[in-house]
Each structure stands twice: as structure tokens, then as C-alpha cells.
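*Asks:* What follows is each chain in one-letter form.
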Amino acid sequence: MELIETRSLSKRFGQHIAVDGVNLSIKEGVCTALLGPNGAGKTTTLNLLTGLITPSTGTIEFDQSYQGDRRQYIGYLPQYPKFYEWMTGEEFVIFAGELAGLTSKQAKQRTKEMLDLVGLNDNSKKKIAGYSGGMKQRLGIAQALVHEPKLVILDEPVSALDPLGRKEVLEMMKRLKEHTSILFSTHVLHDAEQVSDDIFIMKDGKVVIEGSLTHLQNTYQKPTFFIEAEDKLEGWVETIKGQDWIDQYSLDGKNLTLTVDNVEEARKRILKDPMFQELEIYKFEVAKTSLEDLFMKVTES
Amino acid sequence: MLFKKEWTESVRSYKILWIPVVFILLGITQPVTSYYFADIIGQFGGLPEGAVMDIPIPTGAEVITATLGQFGQIGFLVLVLAYMGIVAKEKNHGTQILVLVKPVSYTNYLTAKWAHLLCISLGSYAMGYIAAVYYTFLLIEKMVIADLIYGGIIYGIWIAFVMTVILCLSALLNSTAFVAFAGLGLTVVLSLLSSLTPDLMTLSPAMLTSHSQNLYQTGQVGSGFGLNLAFTLVLIIGILIGTIYLFHKKEIAQHTT
Ligand SMILES: Nc1ncnc2c1ncn2[C@@H]1O[C@H](COP(=O)(O)OP(=O)(O)O)[C@@H](O)[C@H]1O
Ligand SMILES: [Mg+2]
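So the sequences go chain by chain: P and L. Counting in this note's numbering, the first sequence runs from 1 upward without gaps. Counting in this note's numbering, the second sequence runs from 1001 upward without gaps.
Think of the hints as simulated: they come from the structure by calculation, not from any bench. One or more hints might be untrue.
Restricting the straight-line Cα-Cα distance to at most 20 Å, the calculated cross-link-like pairs of lysine to any residue (SDA-like) are [said to hold, decoys possible]:
id, chain 1, residue 1, chain 2, residue 2
1, P, LYS174, P, VAL188
2, P, LYS82, L, LEU1200
3, P, LYS82, L, GLU1006
4, P, LYS136, L, LYS1249
5, P, LYS112, P, SER124
6, L, LYS1249, L, GLU1006
7, P, LYS127, L, GLU1006
8, P, LYS127, L, HIS1093
9, P, LYS241, P, GLY253
10, L, LYS1005, P, ILE60
11, P, LYS127, P, LYS174
12, L, LYS1249, P, GLU85
13, P, LYS136, P, GLU85
14, P, LYS254, P, ILE240
15, L, LYS1249, P, LYS174
16, P, LYS268, P, GLU285
17, L, LYS1089, P, SER124
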């Protein structure tokens, strides 16, 4: 059993389908990224999981071994967390802990640990109204973790931060991964690559690609040849296409992009091909496609 | 803790201070001005001898009734303005998301606010009422204590009703201005209808005010009081339950992108 599984989860706002038949499975002890451009439906999906909104159709199942209201096992940081600004940071985290069912003594203890973890101890007695954006973000993480949830859901935890803050929060997430399962959303592939084990890529309310990071890398990060010539490459491509060392090709007049499984073999084959030697090549480049290319391709179309 | 949080919020915004102060001032004003009214007229009005007799000092019952009238206007206005956002503001700011994403029941969330509203409004009202009674006794006349207590409680139930309506509107509407408008509007309409066509409105919660007036003047409530009281209590509970139900059905997360 996975920690959370959804089946054909959909959410409709009037005419607009924000989430469309999504099947997610979030494993315990794993960091999962929900990746997609703005408006893909990430926030809506996370709101469905936390129960803040109800699905139009489809089901959400939480691990059977955790009985009762699933909110008690979930910690949530919204994309734009809003606090009671008249409270101090410390008061807010204690309040959150007590709401989650901790005794006031436990809540105080955990609050101290969490504020330590996110580095807010020096400011814990200040009113939240005086916090900077980065401090509020860290406070948001502290309140999400205070009741030791099985799953922490973070909606765009680094998007609003400057590069330094970004790095800090990503580092914090790496440490967090040791203790709890994480599900976070982002529109930046690089963030997902840094910390996540599993990735779901969303576009227009649907999951278009999913799998473990290593699986995606193995599948989509392939050696690639970029070949450019003076004359049209069509004739030559006709003779080699369909051969089994070629994975994919795309030809645009005088430009050829060729992905292959094995660079060594492919290079030998190309360079030894008599017909290729006849061509007036002026560019011959070997590189690797990145997930970035894949992500761009998926999200742009 | 939700209840405690409401208290802390009221303390930090000084509502806990100025709302009772308003009610106490209102409570003092009526008996004191009534008492000095004749004097003031006599000194500045230059009325002829004997005319003073035409402006008698009002009876205690009249003074207390007038005080409740003040509570029903200025008092309500202050309460409504102070608490029209009790739920609506949290919805608009999004602060309630971090609360309701924790394993907190919607019932607890709303009843904590309801209980707080009743504590503040009835507490302030009680202080104002006691002040009014004290100065009436001091300056005007003594009245039957038991009638005052019963009358005060009856009027308090009308206040509880109005506060429940405010909570309901605040939970279901997004605009605080509209909450205030609809809340005060409903109060005024109910009060007017009840005084203009009392025969049709025997069950209206606003009728409770006239029952409390009867009590002060004659020592007895009007007819149909029992049913009126029971109906109002049922309405309060009904509105509360209905609000919780409808609030639960509403989507909490607001549009962000
Ligand atoms: N409450 C809402 N009412 C109507 N449309 C909404 C609402 N919330 C989100 N949407 C729409 O649903 C789509 C997905 O939004 P969202 O889940 O916030 O995307 P993301 O978080 O991936 O940027 C968007 O087109 C957005 O305009
Ligand atoms: Mg979003």
C-alpha cells in the first residue's frame, strides 16, 4: 500500500477542469515532486489531497494503517501561507501543534525543536507581522512539521525565494527526507532534480509523465548527435533510418538530431558510413539531452 | 485552543476593552441625562413656573427601556462592526487554511467563534446593564430586582440571536461590509416589524424586547412569551447548525493563480 493513492481524481471549477483524471501514488519514505508550469493544476491537486477542497470525481485513499482523519498525518505549507500576524512565530507554531492534538507541553517542546531546525529561534518572540518573506516561509515549514506528520506537503516551497533562500530550503528538504515523506510542487525542473526521488509532470490538469528520477534520466537523457551540413541530409537519413542503433531522429532540412543508446557504436557507424563521408558536414556534435529538454517539450506543446 | 486564540486576538486588538466601555457608557448615560434633564431645561430653557411639572423625571422602567433601546442601536452597531469579519476576514486573508488543514473539525472552528462572540457581547451587555440599573437606583427609583434580572436575561437572548446571525453571515459571505449591512438591516427590519405589527410577529426574536419592557412596566411578560422564547432558542441553534453545514460544503481554498 502506498501512503496516498488517487484514482481518476478530477476537479472542475465551473466549465474549467483544473485537475483531470489524475492517478498519483505517493510512496512512504520518498520525496515526490509534482512538476508543471503555472496553471497545470498542482495547487488544486494538493488542496484535494489535504481535503481543503473536495474532488468532483475520483477517490483519494490514505494508507489503511493510519486510521481516521488523514489531516492528522499531513503537514501542509500552502503556496502563499497566511498567518495570524498578531501572534509571535513561537505562539503560532505552538497553536498549530495544539490544533493537531499535541498537549501544550508537547507543543512547546516540538515548537522549540522546529524553530531550531528552520533557524528562527532568534526571532521566535517577534510578531509575525515583522517577518520577511523568507522567514515566513520557514515558519510555514515549522508549523507543517510540528505534529510529526507522515507526509509533508509543500506547495512551491522555494518559488518565492531568492537563490540563497532557495538553496537553504532545498538543503533543509534533503535533511527532512531522512525522517518523513515529502510531496512538493514546483515549476522548476532543477528543484525537482535536486531533491526528489519520484516525479510527476503535470500539464493542463493531467499527469503527462511519471516515474522515478533515475528512470526518467535513463529514459530521457540519451546521447545525442547534432549534425549540420551544407546540403540536405534527407538522402543519407533515408538510408540509415530504422537501423537499431538509432533511438530517435528529427530532421529539419540541413539539421539532424539523432538520439542513440550507445555513443561509441553510433559514432563509429556514422563516421565509417561512406555516404556520410561524402556529405559536406560543418557541424558534428555529441551531447546528452537533459530532462530540461523533455520538460520543455512536454510543457510547451 | 481555538477559543483561547479568539480571546488572545480580542485582547491584542483591545476589543476586550473598548466594547465593554461603550456598553457601560451607554448604560450610565440614560439614567444620568434623564435625571438632569429637568434641571437643564429649568436652568437654560427659562420655562415659566409650573411648566417643569410637564417634564417629569421618567420612571425607572422607562429609563431601563430606553437604555436597552440604546444597546439595540449603538451597541449592536459597535458589536457588528467589531466582529463582522470574525470568519469572513480569515477567509479573505487565507489565514483559516492553516487552521483547517490541521485535524480540526469545522464545528469546533465555528462554535469557538460563536462562544467567543456570545461571551464578549453578553459580558459587555451585562456590565452596561448593571451600570444602568445602578444609576437608575441611585438617581431615579428602586425597581423590583427579580423583574430586572428576568428582563435582562430575556433581552440577552435577543442579543445572542443577533450575534448568531452575524456569525452565520460572516461565515457564508465574503464581504465584511455586506455582513454588517445585512446583519444590521435584518435587526432593524425585525425590530420594526415587531413593533408595527406585533400580532403577526408573535414568534419573532425581536418580540423579546417588548416582553422585557412589559416586565419592567407591569411585572409580567406579554402573552405568547413562552412560545416566542422557545422559537428564538430553536432558531439560534438551527442557524448555528445550518451555518456549520453550509460552511463545511463551501470550498475553503480560494483561487490563487
Ligand atoms: N477556485 C478556483 N476557481 C476557478 N478556477 C480555479 C480555481 N483554482 C484554480 N483554478 C484554475 O485551475 C487551474 C489550475 O490552477 P492551479 O492548481 O492553481 O495551478 P498550479 O498550482 O499548477 O499553478 C488554473 O487554470 C486556475 O485558473
Ligand atoms: Mg500553484
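*Asks:* With reference to the structure, classify each hint as holding or not holding.
*Replies:* Structure-based check of each hint:
{"no.": "1", "hint": "P:LYS174 with P:VAL188", "result": "holds, 17 Å"}
{"no.": "2", "hint": "P:LYS82 with L:LEU1200", "result": "violated, 48 Å"}
{"no.": "3", "hint": "P:LYS82 with L:GLU1006", "result": "holds, 17 Å"}
{"no.": "4", "hint": "P:LYS136 with L:LYS1249", "result": "violated, 30 Å"}
{"no.": "5", "hint": "P:LYS112 with P:SER124", "result": "holds, 9 Å"}
{"no.": "6", "hint": "L:LYS1249 with L:GLU1006", "result": "violated, 23 Å"}
{"no.": "7", "hint": "P:LYS127 with L:GLU1006", "result": "holds, 17 Å"}
{"no.": "8", "hint": "P:LYS127 with L:HIS1093", "result": "holds, 17 Å"}
{"no.": "9", "hint": "P:LYS241 with P:GLY253", "result": "holds, 15 Å"}
{"no.": "10", "hint": "L:LYS1005 with P:ILE60", "result": "violated, 32 Å"}
{"no.": "11", "hint": "P:LYS127 with P:LYS174", "result": "violated, 29 Å"}
{"no.": "12", "hint": "L:LYS1249 with P:GLU85", "result": "violated, 27 Å"}
{"no.": "13", "hint": "P:LYS136 with P:GLU85", "result": "holds, 10 Å"}
{"no.": "14", "hint": "P:LYS254 with P:ILE240", "result": "holds, 16 Å"}
{"no.": "15", "hint": "L:LYS1249 with P:LYS174", "result": "violated, 37 Å"}
{"no.": "16", "hint": "P:LYS268 with P:GLU285", "result": "holds, 14 Å"}
{"no.": "17", "hint": "L:LYS1089 with P:SER124", "result": "violated, 25 Å"}
The structure does not agree with the numbered hints 2, 4, 6, 10, 11, 12, 15, 17 stated previously, though it agrees with the rest.
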